[in-house]
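Q: Below, each chain spelled out in residue letters.
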Amino acid sequence: MSFTVPQELEKEIDERITHYPVSKRSAVLPILHALQHHFGYLSEEAVEWTAAKLELQPIKVLEVVTFYPGFRQEAPGKYHIRVCRTLSCAMAGSYELMEALCEKGEIDRSAVSHHHPIAVGKDGKFSIEFAECLASCGFGPVCMVNDEFHENVTPDKVEDLLSKYE
Amino acid sequence: MPPAATDEKKPTAETPAVPMVNVQIDGQWYQFPKGTRMIEACRQVGKDVPHYCYHPKLTSPGNCRMCLVEMGMPPRLAPGQEPEKDGEGHQPIQWIPRPAIACANTVAENMGIRTDSELTRGCRHGVMELLLINHPLDCPICDQAGECRLQEFSVEHGTGGSRFREQKVKKPKNVDIGPRIRLDDERCIMCSRCVRFTDEIADDPVLGFTERGSHTVLAVHPGHELANNYSLNTVDICPVGALTSNDFRFQMRVWFLKETKSICTDCGRGCNTLIGSREGRVYRQTPRENNDVNSAWMCDHGRLNFHYLDSELRLSAPLVKDEGVHKESTWPKAIQRAATALKAHGGSEIAVVVSSRMTNEELFMAKRLIDTLGAEHVATVPRAGEPDAYLIAADKNPNTQGARLILGLEGDLAAGLDSVRRGVADGRIKAVVTLQEDLLTPEAGFDAQTLDGLEALVVLHLLANPTAQMASVVLPGAGFAEKRGSMINVTGRLQRLNKATEPFGQSLDDWEILRDLIQAIGGGNGIYLIEDVFKQLAAGVEEFEGLTLSKIGDLGVPLIETGETVPLLERERERIAKGQIVG
Ligand code: SF4
Ligand code: SF4
Ligand code: FES
Ligand code: FES
Numbered sequence: 001m002s003f004t005v006p007q008e009l010e011k012e013i014d015e016r017i018t019h020y021p022v023s024k025r026s027a028v029l030p031i032l033h034a035l036q037h038h039f040g041y042l043s044e045e046a047v048e049w050t051a052a053k054l055e056l057q058p059i060k061v062l063e064v065v066t067f068y069p070g071f072r073q074e075a076p077g078k079y080h081i082r083v084c085r086t087l088s089c090a091m092a093g094s095y096e097l098m099e100a101l102c103e104k105g106e107i108d109r110s111a112v113s114h115h116h117p118i119a120v121g122k123d124g125k126f127s128i129e130f131a132e133c134l135a136s137c138g139f140g141p142v143c144m145v146n147d148e149f150h151e152n153v154t155p156d157k158v159e160d161l162l163s164k165y166e
Numbered sequence: 001m002p003p004a005a006t007d008e009k010k011p012t013a014e015t016p017a018v019p020m021v022n023v024q025i026d027g028q029w030y031q032f033p034k035g036t037r038m039i040e041a042c043r044q045v046g047k048d049v050p051h052y053c054y055h056p057k058l059t060s061p062g063n064c065r066m067c068l069v070e071m072g073m074p075p076r077l078a079p080g081q082e083p084e085k086d087g088e089g090h091q092p093i094q095w096i097p098r099p100a101i102a103c104a105n106t107v108a109e110n111m112g113i114r115t116d117s118e119l120t121r122g123c124r125h126g127v128m129e130l131l132l133i134n135h136p137l138d139c140p141i142c143d144q145a146g147e148c149r150l151q152e153f154s155v156e157h158g159t160g161g162s163r164f165r166e167q168k169v170k171k172p173k174n175v176d177i178g179p180r181i182r183l184d185d186e187r188c189i190m191c192s193r194c195v196r197f198t199d200e201i202a203d204d205p206v207l208g209f210t211e212r213g214s215h216t217v218l219a220v221h222p223g224h225e226l227a228n229n230y231s232l233n234t235v236d237i238c239p240v241g242a243l244t245s246n247d248f249r250f251q252m253r254v255w256f257l258k259e260t261k262s263i264c265t266d267c268g269r270g271c272n273t274l275i276g277s278r279e280g281r282v283y284r285q286t287p288r289e290n291n292d293v294n295s296a297w298m299c300d301h302g303r304l305n306f307h308y309l310d311s312e313l314r315l316s317a318p319l320v321k322d323e324g325v326h327k328e329s330t331w332p333k334a335i336q337r338a339a340t341a342l343k344a345h346g347g348s349e350i351a352v353v354v355s356s357r358m359t360n361e362e363l364f365m366a367k368r369l370i371d372t373l374g375a376e377h378v379a380t381v382p383r384a385g386e387p388d389a390y391l392i393a394a395d396k397n398p399n400t401q402g403a404r405l406i407l408g409l410e411g412d413l414a415a416g417l418d419s420v421r422r423g424v425a426d427g428r429i430k431a432v433v434t435l436q437e438d439l440l441t442p443e444a445g446f447d448a449q450t451l452d453g454l455e456a457l458v459v460l461h462l463l464a465n466p467t468a469q470m471a472s473v474v475l476p477g478a479g480f481a482e483k484r485g486s487m488i489n490v491t492g493r494l495q496r497l498n499k500a501t502e503p504f505g506q507s508l509d510d511w512e513i514l515r516d517l518i519q520a521i522g523g524g525n526g527i528y529l530i531e532d533v534f535k536q537l538a539a540g541v542e543e544f545e546g547l548t549l550s551k552i553g554d555l556g557v558p559l560i561e562t563g564e565t566v567p568l569l570e571r572e573r574e575r576i577a578k579g580q581i582v583g
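Protein chains in written order, with our numbering: chain A, 1 to 166; chain B, 1 to 583.
Treat the hints with caution; some may be incorrect.
To be verified - If the Cβ cut is set under 7 Å, some of the chain B residues that face chain A in the computed set are:
| hint | residue |
| --- | --- |
| 1 | V206 |
| 2 | E211 |
| 3 | R212 |
| 4 | G374 |
Calculated directly from the structure, the hints in this document are not laboratory data.
Where is the CB? At the ideal position from N, CA and C, for every residue including glycine.
Given only the sequences and the hints, what does the whole structure look like? Please build it.
A: As structure tokens, this is what we get:
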């Protein structure tokens, strides 16, 4: 699969670079966000493309990509679920929530590791990963499906939740 | 006692004088130029501050925190309040409860620094304890052991024990990050010296930290490698054993190495080096700082070009050819044979090809030989190559300047060589002496057929090269690590080589071979020491007047003007002027 950035997106990216007149290296974050938003994740090609755009060595972009857990290096499913596992949610049952989501969403997390945090379900419909605090600590367990936020998601609500996403 | 300002930093008429500030270090008052880094001020008065990430030739990110010291400033005055001063004019110091890094901060008026207080010691304990949490217990198999900052500072500033009971983080080991370097990520302390070297000095920013956090790893981008010709300098500046040299790793424990100050002879730059040797064998070369030549660096090519010193081709005894077959001989016999063969020819029939890879002392003896023989044809083998934008000079011979001065060669060296080649080809030249040059290389340009027509071919060289194979007499000489002597680099600086190992097998120092040969041809000259050769050289060649080998010193002396500059040093000076680096 070849990597092509659509003209419009590139125009938008070029515009964002102009916001950093002192050093365009600073534009690396907004560019990565824009690319991830469009492609769903940041492939090796996306990293190389960004580096070339900013006249950097690709390692300088990879440093940023690997620093932020919000940047994905692997393709997610159609609906990407992020389950908070920070203290409040963990105590409220985020691990049970994770288990229920995997079971009902038919996702196998056995291959997940530090380097490959995302698991994708069989048909590619759902993917899932743990995330750190999603900033709604009073209402754990908390998760996000794409950009939608869900609070108090106890395991019994999982079936309902998933059925909203077709 | 204030530290003496170094020569370059002495204010001159053009550079306005830098104001001095009073600084108290461990209870004593000193003066330093404004802008001096705290760490350098401490070092100058003999109070070394331990550090990992700081390197005077690189920018200072202040990331390792090993250099934390207790710092104080004079009290802040209320409006109108007069400062309170002691008899010597110093204000009291208010010590700040929070430590400061000494590497990136500069001294200020009436600043106090404590390099050995409880706070400072506590900081060092803490930094060491944290660094060792995930550090593997690799020292027994780690090449850095013996010259590792982490080991040294553990002993000096650590607590001796660990309170960590959990699992250490596992990271990649034995990672192939380039043709000459191996990375062990578990040993890396993330000081970023290597990253800054590749970014700032080598202009090849291929290194970076990925997965920052508890899993931080130093990495090259997938599919890229650390392969630039200066890459091995990262191994030198890595304070731990995270980066090791493929060539040197597991070859020798560093504490067994004898270090000899010398210079690289791979090109006309003459980077200053330390030769690490043990029991007659060279194991590595590392750069030695000289701010008029190579800063603190050297190229990989020059650094690694020493293995030929003990290669299989190395000649170990003099050889004499009888009925077409080389036989080992004794030195007196071989010298006698060479002398007889050469004496059979008049000066117009003899050519001497001298190498610009020889030291001044050897060249001086070569000149004597030429004069004794009355040889009318003299040439060197020029080696013009590509310079780079860092250290590598266009001249691949290390001592062209010396050869010109001492042999009295002028003009186009290639033309001189060409005329010898033609003389040999058309039979006018019947005897050739070649000193440390293989004539059957593309640079020298002779061909075997014409050499075959010679009546005498005397070869002084280290290796059994194709020319040596054809020689009537082969005199095994010494390699650069096996001799003391001097050379003049492309900028006209006179520098010294020192002997790290003895000449291989029965080989001799070139100047001794030449002395004996001259003696056998033309009679006595009482030279017994290399120092005496230099003395005669100083008496005979104007430029060397008043010098001795020991006066050259470890850093060399400027001898002649060539107008050449060193690109890497030019950039370094700019960075110093901008305050980006200490230098
Ligand atoms: S590899 Fe060595 S020089 Fe590079 S960051 Fe790690 S410890 Fe520092
Ligand atoms: S630049 Fe020249 S003198 Fe310096 S290390 Fe390389 S080859 Fe040797
Ligand atoms: S801990 Fe889960 S939202 Fe903060
Ligand atoms: S030497 Fe690393 S912070 Fe100062």
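Q: Okay, which hints does this one fail, numbers in order?
A: 4
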